[in-house]
Amino acid sequence: MPNDVIIETRNLTKVYRDFWGRQKVRALKALDLEVRRGEIFGLLGPNGSGKTTTIKLILGLLFPTSGQVLCFGRDATDVTKNERIGYLPEESYLYKFLSAEETLDFYGRLFKMSRRLRRQRTSELINLVGLQGAKKRQLREYSKGMTRRIGLAQALINDPELILLDEPTTGLDPLGIRDMKQMILDLREQGKTVVMCSHRLDDVEDVCDRIAILYDGELKELGRVDSLLKVRDVTEIHARGLSEKTQQEIRQLIQREGGELVAMGNPTMTLEQLFLDIIAESEAHPGRRVVRKEGAA
Amino acid sequence: MVLETELLPFREWLLWGPFVWLLVMGSLAVAGLFFGSLVAVIRHGPAAGLAATGRVLAAAVGDLFCMSPRRVWALAWLAVKDSLRRRVVVVFIVFLLLLLFAGWFLDPSSDHPLRLYISFVLTATSYLVLLLMLFLSALSLPNDLKNKTLHTVVTKPVRPSEIVLGRMLGFVVLGTTLLALMSAISYVFVVRGLAHSHEVVQASLAAVDPRQDADQGAVPLRGESTRVNGHRHDVRIDRKGQGLLEMTQDHYHRVARRQDGEKTVYEVGQPEGMLVARVPVYGKLRFMDSQRHVAERGTNVGDEWAYRSYIQGGSLAAGVWSFEGVTPTAFSDNLQLEMTLGVFRTYKGDIEQGVAGVLLLRNPKTGLTVEAKVFKSREFSTDVHRLPRKITPTAAYALQPEKDPDGRIKYVRKPLGADAKAQYDLFDDLTDDGQLEVWLQCLDPEQYFGVAQPDLYLRARDASFALNFVKGYFGIWMQMVLVIGFGVMFSTFLTGPVAMLATVGMLIGGFFRGYMIELALGQTWGGGPVESLIRILTQDNVVSDLPEGIRTTVAQTVDSVLQRGLWVVAQLLPSFGDYDCASYVAYGFNVPGNWIAERGLTALGFAVALFVVGYFFLKTREVAR
Ligand SMILES: Nc1ncnc2c1ncn2[C@@H]1O[C@H](COP(=O)(O)OP(=O)(O)O)[C@@H](O)[C@H]1O
Ligand SMILES: [Mg+2]
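Listed in order, the protein sequences are those of chains A and B.
Those letters in the first sequence? Residues 1 to 297, by the working numbering.
Those letters in the second sequence? Residues 1001 to 1625, by the working numbering.
Don't read these hints as lab results, they were simulated from the structure.
Just so you know, not all the hints are guaranteed correct.
As the list claims (entries may be wrong) - Restraint ranges, calculated between C-beta atoms of paired labels, are given here:
| no. | chain 1 | residue 1 | chain 2 | residue 2 | range |
| --- | --- | --- | --- | --- | --- |
| 1 | A | G133 | B | L1097 | 36 to 44 Å |
| 2 | B | W1104 | A | G133 | 50 to 58 Å |
| 3 | A | R74 | B | R1043 | 19 to 27 Å |
Keep in mind that this is a model prediction, so the values were computed, not measured.
No residue lacks a Cβ here, since even glycine has one placed at the ideal position from N, Cα and C.
Kindly produce the complete structure, drawing on both the sequences and the hints.
Structure below.
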């Protein structure tokens, strides 16, 4: 169903230029992505690989050098799409002279929300992110972790269908990270679509349904997390209740093919291993890597 | 006050003001479209570039016409909140301190204390408020971009137009509040600063008529007051003990005598006549020659300053002012006529004596004309003539226009016949629908009266001084709106300090606007830029024509294009000084309604244009760069 594609990028390229139009950085090279309704999509990559750039292009904060982004089927520069979007920036860029309550009320006023609804959402969200004790304090007094929380609350003020989170867990303590991950999973439970980017593997591994691995502005891997982690050229077989004869046949088969049976089945590797492999390979062979077709695994 | 450029009546202004605005906006739109698509084509190639331009234009329609007041207001609130954090209060405290110490600078013994006080408070307020607004408006958006706080705003369903308008509105609201507070405090400061009273020096009182005895009481007295604020008044007291401390330093006091037991007490009131807003009603001036033919101008006596035109004495030559709005409600039951005449003598005569003239009042509808007053003109001073409502004229007749055989219009004197009366009512007989003509003739042969349109005016009932004071602040308010408009507009695409410089540059450029318009209209010697350049290179003088030929034709064609461009550029500059009406208030003249309306609409025109331009800059920039 085409309706289920929330974000679509086609051949999306971004070149940062300086004031005189000279090329500085090719931050994103011909990216093709689709994000579907109800999934948690992870953009994974080391620092400077183009994750934030991708998110900003989706939001229309940057204009593509070439290619196209469609969000809810509309052009990224169309502001009306923002009615259904929530965005948590890399660092929470909020007005430091407002208190948490004022912040949420202000952002609420940018949507079609009545005063009552704003009040209600504000107190709900403050409870959700656990800032009840600090809701009257100016954000300038907040710690990094608290700023992240109010940033998330701000992103959720309009009860968005699509939430874009840029490095949601940075700056949080382990407990905070656990809460954040749980909140993201809860959002999926509520039927929302989440796009998050991170350079932390464990974040992505724990919550994402599908991931794209970016390296130096190029898409290196794309697929379901579980299938990406399958090592395809190794088969692992653990079996029970096979007759001696069958086992013999399998062994013979393997022997005839010149193999040695260790165990049967597909082992999984860690995401870290995959990530490091990709980086090593990209450094050895720069350029586009053939991304395996999804489901081909 | 000499008014060399007259203020157009509002209705006439409405004919061309909006037209100029549309023309300038149109030129801006064409230029913007051209350069915008040029940049887009260079960046993305022809097809994609033009498509992008189209998209921006399509989006602009929605962005400019479907703004949400709620969002604009939320953004304005944010701008106010942000500014308050930046210690706007400090400016306010500086203002209070200035007033506190002003007593040291302001010399109350000046000849015109009101002018001093008013120009002080208005100048102090305008510098403080304009400077503050310059900083706030030019730094706020760039700051938001630098701190990336704008990222969280533009990723909400907020249109760029709402951001620009919200900013402008927020600063205007803040500035208005500040100005309102400052004007209230200034008003109190001025009124309190000028308030004073004197005592009558009883020893100085003597009977006006030396034959009468002052101690008898019940005789007119004259004397002196004590010196307060560096001045004293002459005192005149009538038989009944009522009187005046006469006009000094633009004011007078009332005084009343009271008996307190044995003692005689003179009670002197607060200054009067100082906090006024005179309402001059200006007429349209035309001339009659010595045969009462309608003439273009008066006589030219060879004065270099062409401001005044001259009326020949001892003839039928006249200057005729046509007034409108002369009604009993606007004038309180009499006609106060003030005039400043230039006198040109062909022989010296008795220089002390003054030149005789006569004022006629004529009803333009019926032609009824009365000789209302014969007077001796004093030079270089304003003569004040008060004509009562019931006028008993030295002569009355009708002046009716007739066509000469050679087609010229001549006013012919006709007897009134049965319509003649001994007394005429100013409003019932001499005005028609508020229209009245005042004819000025010079009676001394060989002498001339020099007049310009603003030289003779009627003084209607005074307007409220407090309201006029507020109008003075409205002038500052309009300047403030311009500063905010330019500041915010420039800050949509420049960094803060540069935006500030650019705004200041525009304001300074505004002072050269008049000259640029002259250049653009070809009213200066030496032709346009290219022609002037040729003249400089060939060391040609500026008055002779260039030799005819292809070179000159090309140069002048290019010039005429450049001059059109220059005209548009000149219109883009705000003539900042035009919004200053402090001198009206300080000199005690009411700021006319059409001044307010015309300047107000011009400022609004600027604000709208700046908003639209700012929108396009913000719309076409990448917020996250
Ligand atoms: N405003 C900018 N101007 C120039 N280069 C930029 C800008 N923003 C990001 N870059 C460059 O683009 C590349 C991708 O950056 P980014 O998308 O922020 O990476 P990530 O979020 O994955 O860490 C980096 O090389 C970075 O230096
Ligand atoms: Mg990043």
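Evaluated hints:
1. A/G133 <-> B/L1097: 36 to 44 Å: Distance hint for A/G133, B/L1097 holds at roughly 41 Å.
2. B/W1104 <-> A/G133: 50 to 58 Å: Hint holds: Cβ distance 53 Å, inside 50 to 58 Å.
3. A/R74 <-> B/R1043: 19 to 27 Å: 22 Å, holds
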